[in-house]
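Trainee: One-letter residues, chain by chain:
2 protein chains.
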Amino acid sequence: MYVLFQILDFQRALAVFRILDVGIQEDLIKQLPPHQLIQILNDLPPDDRTSLLSELPSNVVKDLIKQLNPEERKVTLSLLGYPEESVGRLMTPDYIDVEQDWTVEQVLTYIRDYGKSSETIDVIYVTDANGALIDDVRIRDFLLVDPKTTRVSDLIDGRFISLHVNDDQKETMQVFQMNNRVALPVVDDKNILLGIVTIDDVLWVAEEEYTEDIQMIGGTEALDDSYLEVSIFHLYKRRIVWLIVLFFGELLTITAMSNFEDQIAKVVMLATFIPLIISSGGNSGSQAATLIIQAMALDEISVRDWWRIMRREIISGLTLGLTLCTISFVVITCWHWFSPAFGIHYLRIAAVVGFSLIGVVLWGTLMGSMLPLLLKRLGADPAASSTPFVATLVDVTGLLIYFSFAILFLKGVLL
Amino acid sequence: MYVLFQILDFQRALAVFRILDVGIQEDLIKQLPPHQLIQILNDLPPDDRTSLLSELPSNVVKDLIKQLNPEERKVTLSLLGYPEESVGRLMTPDYIDVEQDWTVEQVLTYIRDYGKSSETIDVIYVTDANGALIDDVRIRDFLLVDPKTTRVSDLIDGRFISLHVNDDQKETMQVFQMNNRVALPVVDDKNILLGIVTIDDVLWVAEEEYTEDIQMIGGTEALDDSYLEVSIFHLYKRRIVWLIVLFFGELLTITAMSNFEDQIAKVVMLATFIPLIISSGGNSGSQAATLIIQAMALDEISVRDWWRIMRREIISGLTLGLTLCTISFVVITCWHWFSPAFGIHYLRIAAVVGFSLIGVVLWGTLMGSMLPLLLKRLGADPAASSTPFVATLVDVTGLLIYFSFAILFLKGVLL
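Protein sequences appear in the order of chains F and X. Residue numbers 0 to 414, in numbering that gives the first Met the number 0, belong to the letters of the first sequence in order. Residue numbers 0 to 414, in numbering that gives the first Met the number 0, belong to the letters of the second sequence in order.
Since the hints were derived computationally from the structure, they do not count as laboratory data. Please note that a few of the clues may not be correct.
Stated by the list, open to error - Restricting the straight-line Cα-Cα distance to at most 27 Å, the calculated cross-link-like pairs of lysine-lysine (DSSO-like) are: (1) Lys115(X) x Lys115(F); (2) Lys169(F) x Lys169(X); (3) Lys410(X) x Lys265(F); (4) Lys115(F) x Lys147(X).
Said to hold, decoys possible - Computed Cβ-Cβ distance ranges for the label pairs, DEER-style: (5) Phe247(F) x Pro82(X): 45 to 51 Å; (6) Asn178(F) x Leu317(X): 47 to 53 Å; (7) Pro44(F) x Pro44(X): 29 to 35 Å; (8) Leu317(X) x Ile160(F): 49 to 55 Å; (9) Leu407(F) x Phe247(X): 23 to 29 Å; (10) Val229(X) x Gln30(F): 33 to 39 Å.
Claimed, not checked - A few chain X positions that, by computed beta-carbon distances, are all more than 10 Å from chain F: (11) Glu83; (12) Asp96; (13) Val97; (14) Ile155; (15) Glu206; (16) Asp212; (17) Ala270; (18) Ala288; (19) Ser403; (20) Leu414.
Note that beta-carbon positions come from the ideal geometry of N, C-alpha and C, so glycine has one too.
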């Protein structure tokens, strides 16, 4: 990768550098001679520089910022003052703002003189003498009118959408989707325009958010970098925590089952159905959990809808369970015709398995759907109710349901 | 919702209509008086109209298209000719194209006259007499030069990025991310410019793709609409297929376990560890599968990396398994001090559990990581190797591993 910077001219190399993964950027930085490194950092757009700096160890950052020229340093440091995951970290101060008493011709001349350093000129911002945002005007609106006779004040309608500097980055995606904009202004509490966020940065945020969600649903903590970039030790750390939590959860199944050792001793066959029963509960729970987590991520449902969701999931759980119950009756009956493994009481066995399936599927569905809502209500990330987590919760209760039905249907016959 | 169209003026109502879910749009369409419906359809941008029409039943679509004015009908029909999920379905033909011998002043006048119906004027397209794409020029480049003396040909460098009309929509997101554009031109095999795709449409595609992936990872087929919009029967259909497939997969665990009924009959305690063992395998498999699926979705890894991935996962699986093995030794030993449930051979029991954990975690990790790669190699969607699917596969083999270690360590002692 280093060779790149030696054979390409600087602007070209910079363009390549900007789209590299942060991991590779870091490696490059360590290899580059200092004078070239400073040139790169100075020429990076402030938002890209901030995201690079926030990934580097803090002592490396300090050394690097010292090497920026004074103006660039000020910009970078002010961007770094906002909390991670906030809109402040995403914004760039390279935009064009104009005053409302200018003519369109003045605006176009101003763009011609100062537009080169702006991240986008697709939207122009109108501010007052204090720097407070009055409106945003799309460049098309300037081009569609007569430049000599029209003033900026003729084009503004005061209806603009802005982001607050402390807003969560996650929510910007929906604001962009709903409003058909390529850039949005960022303001502080006093409506002072601080910077803009461009839609291409939001695409990256969206990708990162979804990646985090998918990794959490799969039961690992989110990786810091791409799969092949992170060290094996990092992979281990991000996975072992949940594996240990789930392991201790599963220890409860041992306690649960040790209550039924007598029953298993009498009817060993009961043990053979355990994986089938608890997996069916886990599977239906995983389905419900991912449906609800994703619907919440898309704002299709909120915690207030819990009762509507619960009603839907009770009906879904019952019908799904009934279907598996029917299948298990058919399978056990057919199985009995070919080989009498289940003995003369095969219909009672089928009843134990079938009714347990209705119970665990219904229970799994309810747990899977309600847990993400509960986590959200408690202020946690709903995606933490990962599929392995739901499956483990359902395992313990699934065993209790199963052995209760076993005692109910087999008491006095086999037990 | 219907009231909306009665109380708002038409343009405002249209703006609201555009951002509604397709399900609600359909309901509205059925309720609207015909003259208002035709007005809406005629005024929708072609790309939004296409996405609405492709969701409606085809006989409803036919009736509706008849009611469009001839020009709009032609546009809509030509958009509908491209396969679903293709770039052709996403594009709009409302763009501005200019010729290379025009002066910038001519271009700006042309924009003033024809720019109103264009979806974006942030990028202007340069075509030759046949309509073939020569270059795209950002509007800023026109504004930064002297309009009288500069010609379009002075601004072009022939380096443009275009999408092919049959490209997969999924891939457009990465093209936008990498190239910092708000719109991209769409061409056919002969490089004829057919339309443009704007970045806001890509945000919706990205959201849909991720939703599909997350639902598949959770073991359901993707829903057609938002969770509360679809019927309960639809919810049932999308979940039952995988539940039945997994159920039949789990039937194999019965076959596997029936081979070990003698062992369970002799040492009933063996049954109590089954949920712990198979869940640990399932959990580690789920983790590996989601990490690999997501890394593939982000193009961080490809099938060709399988050997590097396998090496990483073997090391990860072994270290994760060793950790759980250590914990289980500690837990069983402590447990033994407080209550002698495991008998005098508790260390042998611990060995069975501990070594089985190493085996199933390693096996789960390998299955979880290799299955998505295998599915991709076979041309299927890697996300189909859902966490429940991996867990079910690992259940059967996990039982075999467990009972093999049981026989190895307990033969002649308890068995």
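Trainee: All hints are to be evaluated individually against the structure, with a verdict given for each.
Mentor: We went through each hint and held it up to the structure:
1. Lys115(X) x Lys115(F): Roughly 26 Å separates the two Cα atoms, so the pair holds.
2. Lys169(F) x Lys169(X): 21 Å, holds
3. Lys410(X) x Lys265(F): 22 Å, holds
4. Lys115(F) x Lys147(X): 20 Å, holds
5. Phe247(F) x Pro82(X): 45 to 51 Å: 50 Å Cβ-Cβ, so the 45 to 51 Å window holds.
6. Asn178(F) x Leu317(X): 47 to 53 Å: 51 Å, holds
7. Pro44(F) x Pro44(X): 29 to 35 Å: Given range 29 to 35 Å: holds, Cβ gap about 31 Å.
8. Leu317(X) x Ile160(F): 49 to 55 Å: 52 Å, holds
9. Leu407(F) x Phe247(X): 23 to 29 Å: 26 Å, holds
10. Val229(X) x Gln30(F): 33 to 39 Å: Violated: the Cβ-Cβ distance is about 53 Å, outside 33 to 39 Å.
11. Glu83: Glu83(X) clear of chain F: closest Cβ-Cβ about 21 Å, beyond 10 Å.
12. Asp96: The claim holds: Asp96(X) sits with its nearest Cβ about 16 Å from chain F, beyond 10 Å.
13. Val97: Answer for Val97(X): holds, closest chain F Cβ roughly 13 Å.
14. Ile155: Non-interface label stands for Ile155(X): nearest chain F Cβ at 18 Å, farther than 10 Å.
15. Glu206: The claim is violated: Glu206(X) sits with its nearest Cβ about 7 Å from chain F, within 10 Å.
16. Asp212: 7 Å, violated
17. Ala270: Its Cβ does come within 10 Å of chain F, the nearest being 4 Å, so this is violated.
18. Ala288: It is violated; Ala288(X) is separated from chain F by about 7 Å at its closest Cβ, not greater than 10 Å.
19. Ser403: 16 Å, holds
20. Leu414: 14 Å, holds
In summary, the numbered hints that this structure violates are 10, 15, 16, 17, 18.
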